[in-house]
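Build out the structure end to end from the sequences listed, making use of the hints.
Residues 222 to 365 in this note's numbering are what the sequence shown lists, from first letter to last.
It is worth saying that the hints were derived from the structure and are not from the lab.
Just so you know, these numbers come straight off a predicted model, no measurement behind them.
Take the hints with a grain of salt, since some may be wrong.
As the list claims (entries may be wrong) - Simulated crosslink set (DMTMM-like; lysine to aspartate or glutamate; CA at most 20 Å straight-line):
(1) Lys-255 / Glu-237
(2) Lys-266 / Asp-231
(3) Lys-269 / Glu-324
(4) Lys-234 / Glu-263
(5) Lys-320 / Asp-268
(6) Lys-241 / Asp-306
(7) Lys-255 / Asp-231
(8) Lys-350 / Glu-324
As the list claims (entries may be wrong) - Distance ranges between label pairs, derived from CB positions:
(9) Phe-247 / Leu-321: 23 to 29 Å
(10) Asp-249 / Lys-329: 32 to 38 Å
(11) Leu-340 / Gly-311: 16 to 22 Å
(12) Met-308 / Ile-360: 27 to 33 Å
(13) Lys-328 / Thr-292: 18 to 24 Å
(14) Lys-266 / Lys-240: 18 to 24 Å
(15) Asp-253 / Arg-312: 30 to 36 Å
(16) Lys-329 / Lys-350: 22 to 28 Å
Even glycine gets a Cβ: it sits at the ideal position worked out from N, Cα and C.
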Amino acid sequence: MKIRNFTPHDLEKVLEFRKKSAVISFPDSKPDMKTIKKSILETYKKDKEAIKVVEENGKVIAHIILKIKKTSMNTYGMIDYIFVDEMHRGRGIATKLMKLAEEYFRKKGIRKLRATITLTNTPSLKMSKKLGYKEKRVIMEKDI
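Structure (structure tokens):
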């Protein structure tokens, strides 16, 4: 298993992961893949180290996308997206990526991290709590 920086060659696999994740986390929504693709490439162009992929036997099996967010209140590191292929879950890959994210943000001088996790994603919630993340906000939604 090797963790490396994303390259545009990895884009199709990352987009495939995004589609899989959307079905699980947002079953009533259809992801706008054009917008997602644009966002990924913008993040890559801004910082070549902000997207990491995990490769095993020449195949991408996981990735993480990191962003620095600035608000009127503070600057924080955002775990924008993390995904591990179903066949490779339960091996600690996501935990390794989350720890790598902490290193990345620490080097950038960022001391506060955030991750948005859907309530139905219990494995991710459990992992994040184990890593010291605490619930700070709840986002309410309503279809009208």
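Kindly indicate which numbered hints from before are broken by the structure, ordering the numbers from low to high.
No hint contradicted; all consistent.
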